[in-house]
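Chemist: Each chain, written out:
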Amino acid sequence: MRMPSVYLYLAGRRRFFPQAPGRALRWTALMALVALLAAGGAGCVVEAPPNVDWATPEAGEVTDGGIQPVFDAYAAALLSKDREAFLKTVDEADPAFRELQARMFDRLKEVPFSQYRIEVTSQSENAPGVVIAKVEIAFTYRESFTELPDPDRAAFFVTRRDEGWKLSGDATEQALGKPKNAGLEDFGAVRTLVGQKVIVFYLDSQAPTAEQIAGLTDAAFPRLEAAMPGVELPKITVRLFDSKEQIDRVFPGKWTEWTGGASRQLGGQSDQGGEIIVDSQTYNDVNGYAPDYNPKMLAHELTHIALFPLSGPRTPPFLVEGLADYVAGDQEAFLLEQKLQSGEAFSPTLRDLYRPGSFSALLTTEAAALAYEQSDTAVALLESRYGNEKVLELMKEFKRRGDEEIDQDGLVDSVFRDVLGTGWDGFEAEWRRFAAGG
Amino acid sequence: MKLRLIAVLVGILVLAAGLAYGLPRLQLARADRLLSSANAHIGNANRILSQVRLDEMGAGNFTSEANIARGAEAAGAAPPLLEEARQETVLAAEDARRARGLLLLPSWYRDYWEKKEEVAGLRLEQTDILLDKSGKLNDLYLSGSLVFTSVEEMDRLWGQFESALGSLQGDPSGAQASLEQVSQSMRQIQAQLDAAYAEQGFQLLKDLSGSYSGHADLVELYVQLAAAVALGDQARVQQSASLAESRELRVGSSRDYFDLWWRRTITPLEDAYADRESRQQELDAEAALIYGRERPE
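In order, the protein sequence lines correspond to chains A and B. Counting with the numbering used here, you get residues 68 to 505 for the letters of the first sequence. Counting with the numbering used here, you get residues 195 to 491 for the letters of the second sequence.
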C-alpha cells in the first residue's frame, strides 16, 4: 500500500482526502502521531545550558618589574618608624650603603611625617639583575601643609635578590647628571620643636637657637595678619642648619647672597606651601651685633610663605620683596634717597625690578641694597596711599593675568591702571618723589 | 462524509494542540543549543584574548628599554589574535541574533538574548578599540628607543644645567663652559630627533625635538648670562636674567610631551574600552538575574 506523505492541511482541498472512511482514520492517526512526536520531541530537551558572563575578562595589572613595591615598603617604613621593615628593603651585599641608610633612618626617627611617597618614574638596566631606578620623593609633616610638595628627584641602583628587589646604591649622579642633594639628616639626628605656628627641625647642638626661632616666628604672625587680613596658614616648618656650608650642600647654588635666612616655595599649589631655611652660625653672629635683624628676617621669610599662593610667574618681584619687608618693619632707604636726590643713574631701577628674575641677578651689595630699598619704598607708598587691600588686589591680579600674551611692560601698566587707577609711569613718578623724601 | 469531516477536524485539533505545545518547546531547545554555542564562542574569544599581552602595552611600561622591547613585541603580536577573537565574538553575536529571532521563546528568554546580543556588540567595539590602540602603539614603539633615551638624556643634561647654574656666581667662566657643553649635547639630540621625524613622520619626535630646541635656547641664554656675570656688567646681567627667566617659564619638560602624547592618543581609547567593559558587566549582571530567576539551578 502506498504510504501517504504527511501534509499540513490548511485548505479544504478534496484531492488530499482519502476516498474511503478508513483513510480518513489513517490520516487522523497520522496527524495525531505528528503532533505527539512534536510534543514528545519537544519534551525531550537537553538540560538547560548555564548562564555564562560574556563581558571581556579584565586585563592584568601593569607591572614595573617589582621595583615600585620596594620603594613603597621603604617609604611606609619611614612613615611608621619601623626600622626592621626599612632595612629589609636595603640590599645586604653593600655594607657601606646599608650603613648609610640605617643611619639616615635613625636620624629621621623624630620627624613627624604625615605622608611619604617615592614614585619610580623610569628604570634602565645597568647590569644583569641590576637596574637604575629614577624616583621622585615627596613628603609632608603633621600639622603643616597637606599637599605633597614638588618632588625631589633621585636615582637608586636596585638589585634583584631571591627574596625580591632591594635598594643597593645611590645612582643619582649617573642618572641625573648631579649628586643627590643632601638633607638635614646628613649632618646629624634631626630634632623637632613644635611651636604655636611653627615646627623647627634642628640638629642636637642648636636647641637654644631653635627655641628662639620658634618664639620669634610665632611672634611675627600678628604683623602678618594685620598686613594680610584673612591669611590662613598651617604650621610653618623651619629647617635650622649649623652653617651656610651645610645649606649649600642641600641646595647647591640656590642662595649665593646669603642673609641668614631664606624661604623656599614647595610647589605651585597653595596647599604645598613653603618652608624657612636658617643657618644658626649666621643667626647667632648677627644676634651679637644687630639684635633687631633676626626677628625682621624671620618675619620677612614668613611673609614670603604667606605670599606664595598669591604670587604668579609675572608678579613684579619688587612687590613681593617690598611686602615682605613691610611686614618685617624694614623700610630704611638711605642709599636710595641719596641716589635720587643726587640725580645719579643707578641699576637696577624700579622698572628693572618688576621683571621676573630681577632679584636673582644682583651682582653687588650696592645693587642688592638698592633693589630692596626701592621695593620697600614702593610698597610703603602703596600701603599708605592705597591700603593693604589694594596691595593684595595687585598681587591677585598679576597672578590671574600671568598667562596673558602681553609683554611685562604692558602687563604692569595695565594691572596698575586697572587696580590703582594710575599706570606705571604715573606710579613711578609718584614713587620717585616719595622715596626722595618729597 | 460526516465521519471524514469529524476525523479531519479531530486530526487538525490534535495536530494544532501538539504543535502549540511542541513548537515553543522546540524553539526553547533551539535557543538553548544556540546559547551553548554562543557560550563556547565567547570562551574561545576569552582564551584568545588572554594571549594578548595588554599589560605590557601600558604607559607605566614605557620605563625601560627592556619593557619597551616587550611592549613593541606585544603590540606587534596583538592584531592577528584580536582578529581571531573578533571572529569568535561575531559568531556568538550571530547566535544571539538567531535566538532573538525565535518568535515563540518566552519573553524572559528574549530579554535575556537582547542583553547578550548587546554585550557581544560591545565586545566587538572593544576589539576594534584594541586594534586601533595596538596600531598607534606600534608607531610609538618604532621610535621607542629614541623617545625613551631622549627623555632620559634630558634628565641628565638638565641636572648638569642646574649644577652649572649653581656655580654661576662663584665661577661664572666655569659655569659658562659647562653650559655651553650642555647646549651642544642638546642640539645633537635635537638633530637626531629631527632626522628620525623626517624618516618616520611620528609627531611625538617632532614635539620632543621642539622641547630640546627650547631647552637649548634657554641654556644658551644662561651662557650669555654667565658671560655677563663674568664681566661684572650689572645692566647686561639684569637683561639676560630677565630674558632667561621669561624663557624658562615657557619651556616644558620632555617627559611632559610624552605624557601629553599618551593622554591625547591612547588615554581616550583606554577610557572608551573601560566604559564598554563596565556596561558589559552591567548587562551581564542583568542577564544573569533574569536567567537565574527563570531557571534556578
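Source of the hints: derived by calculation from the structure; they are not laboratory data. Backbone N, C-alpha and C define an ideal beta-carbon position, used for all residues, glycine too. Some clues are possibly wrong.
[To be verified] Covered stretches of chain A, going by a simulated chain B footprint (3 or more residues, C-beta under 8 Å):
1. 115 to 122
2. 165 to 173
3. 418 to 424
[Claimed, not checked] To be clear about the criterion: a stretch of chain B counts as covered by chain A if any three or more of its residues have a C-beta under 8 Å from a C-beta of chain A, and this derived list gives those stretches:
4. 264 to 277
5. 328 to 339
6. 359 to 367
7. 380 to 393
8. 397 to 409
9. 472 to 484
[Unchecked claim] Derived contacts from chain B toward chain A, CB cut-off under 8 Å, selection only:
10. Gln375
11. Gln418
12. Thr459
13. Thr461
Chemist: Each hint needs a verdict: does it hold in this structure or not?
Modeler: Taking the hints in turn, this is what the structure says about them:
no.: 1; hint: 115 to 122; in the structure: holds (count 8)
no.: 2; hint: 165 to 173; in the structure: violated (count 0)
no.: 3; hint: 418 to 424; in the structure: holds (count 4)
no.: 4; hint: 264 to 277; in the structure: violated (count 0)
no.: 5; hint: 328 to 339; in the structure: violated (count 0)
no.: 6; hint: 359 to 367; in the structure: holds (count 6)
no.: 7; hint: 380 to 393; in the structure: violated (count 0)
no.: 8; hint: 397 to 409; in the structure: violated (count 0)
no.: 9; hint: 472 to 484; in the structure: holds (count 6)
no.: 10; hint: Gln375; in the structure: 11 Å, violated
no.: 11; hint: Gln418; in the structure: 12 Å, violated
no.: 12; hint: Thr459; in the structure: 17 Å, violated
no.: 13; hint: Thr461; in the structure: 14 Å, violated
This entry does not satisfy hints 2, 4, 5, 7, 8, 10, 11, 12, 13, going by the numbered hints stated previously.
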